[in-house]
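Q: Chains as they are written, first to last, in UniProt numbering: chain Z, 1 to 97; chain C, 1 to 331; chain B, 1 to 253.
Keep in mind the hints are simulated off the structure, nothing from the lab.
The list that follows gives simulated cross-link-like pairs (lysine-lysine, DSS-like), each with its CA atoms no further than 27 Å apart:
| id | chain 1 | residue 1 | chain 2 | residue 2 |
| --- | --- | --- | --- | --- |
| 1 | C | 119 | C | 281 |
| 2 | C | 228 | C | 240 |
| 3 | B | 212 | C | 317 |
| 4 | B | 212 | C | 318 |
A quick note: this is a predicted structure, and the numbers were derived from the prediction, not measured.
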Amino acid sequence: MTDKHDLTPLWEVFIRPRNGLHHRHVGSLHAADSALALQAARDVYTRRGEGNSIWVVRSSDIAASDPSFAEPNFEPADDKIYRHPTFYDIPDEVGHM
Amino acid sequence: MYSQGLIGADSSTTESEEFLATFQARIDREEKIEPNDPMPEGYRRTLVRQIGQHAHSEIVGMLPEGNWITRAPSLRRKIALLAKVQDEGGHGLYLYSAAETLGVSREQMTEELLSGKAKYSSIFNYPTPTWADIGAIGWLVDGAAIMNQIPLCRCSFGPYARAMIRVCKEESFHQRQGYEIMMTLARGSEEQKQMAQDALDRWWWPSLMMFGPSDTDSTNSDQSMKWKIKRFSNDELRQKFITATVPQAEYLGLTVPDPDLKWNEETKLYDHGEIDWAEFKAVVSGNGQMNRDRIRDRNKAWDDGAWVREAALAHAKKRADNQHIAREAAE
Amino acid sequence: MAAPETCVPAILEIADDCLILGHRLSEWCGHAPILEEELALANMGLDLLGQASALYAHAGKLEGKGRSEDDFAFLRREREYRNCLLVERRNGDFAHTMLRQLYFAAFMQPFWRTVAATSSDETLRGIAAKAEKEMAYHLRHSGEWVIRMGDGSDESAARMADAVIELHRYTGELFMASPARAAAIADGLLPDPDTLRAEWDETVATVFNAAKLELPEIRVMQKGGRDGNHGEDMGHLLAELQFMQRAYPGHTW
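One chain only, chain Z, in its complex shape:
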């Protein structure tokens, strides 16, 4: 079957639970085009009032960071403590800052 036909593309689904929040990844589904993907996302992922806005993105369009490069990517940020407020000494008398 699959060798004869194209596969129906995979889409990633993002739902915004309510205004003021980010769209959040909730899962994926298959659909031939974006309109069908949006409808399917509505039917599959919002049956219990999970949100008020949907994004769908073709899974193949997502560029992901390389997990084997995770250490060089993310560990250098771990010791840059001067980016955090607690690095700086301010006397209590100054009050909240």
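On the provided structure of chain Z, position chains C and B as indicated by the hints.
A: Below, chains C and B alone, put in the same frame as chain Z:
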């Protein structure tokens, strides 16, 4: 709706000691493994097999209950049953998606189901001749599935654990739906009570079999526990299920069809009689009453739907081509 | 507020449309061509069964004889069901099912919108406000599929064209007012379906245009459902729908 006990994937793996030790250390620290992370081939294979079986069980599981949607006895029951069976379809979909993160396509998995190569929970190869079966399935089969699925929410593989969290949240009404049906029957006429007892008699032992072979006969179980794909052994979950369910049967005034069922004061669990493993093996290997019907129905839906899927792809291609032509014309 | 003798039969016509089409959609469960569509078909079926349930309950209250929604849904004779013929048509293939949904939703969305805005019955206005949104989605969903099948592969285009030939002749009944309906219109309970025809024509023409489908010329529109004159499929549908209630009279489930 699924329980462990099939799997049967080859969890053997050929990676270096050092690789395996690093991986095991991550598991032991309760770190979640994500799809692109390095993982032993045996771990990947076990998950593809298990999540695939789980997804197939949800999809095939739509059939025995779907058998009663058009004959449900009231509007309330009809709506609840349709919503429940719809959920099973959704759960199959979430699970196929989780397996797809490991590089296997839904089409591949579907082909394995349709060819009879892939297994699914043996419970769905039993027929649903009466309305009480819908009650018994919700109460017992979903009850057994919940026992298994709650620990899977903490499975070491991230996408599987996330799918299970969603599934467990949605399934919280399924068992109550079934038990409510049983309760109505148990409080009804003599004929209704008999219908309920008959359903319990037929579904009790197959429900216990859902947890899979006894620990002494279960292969691959140790490795799955070590990798934290699985958190409890088959027998542990089975006994937990029995212990939770027996008082519920008593409340209904129904008799669990096991003369050897006995409360064990020491373990605080019920000891149960001998399970007919020959029957389990027969059903798993394709010789249950409904195996061929289930696979035939799935094949029919897939084959009848082929032209719809092709039409959607053909239309999408036309649209993309037209956009392309329009863009070129504009340039 | 109109007298129960006029409102109840008119409300039951609509309730029966919703019940029978909802039942038809539920027959797909477990057999859909695409897993995503399993969820969509069930959602549409649940919408319609919910509408039927609310309408039967309301009719029972207006009638005042203690009949419950289940009494209406399960315990009437075939001739007493007053749904239009379109909704009882067998599912056929996915092209038939989606076209039937398009035809029905293209009528019901403006119907409910008008009921919500103009009906003399407050409960009905409430049911309508909710149902209108549900039918708007059915219209969008079925329309997108009719377009894809009509302008998809050669096979899908042929199947879509077959469905049009088969089903279009049942659409006329949507716009006919039975005596019960006429009385309800006169009382301001429901809109005259004929006033919704222009919008329906336009909706269907827009979808057909995008789907590259031809509108057929139908000389004789089929009718009969509103008088309880159903097709041969209806009895089989009721045999399933009513099975438990008929086999075990007077039981609670």
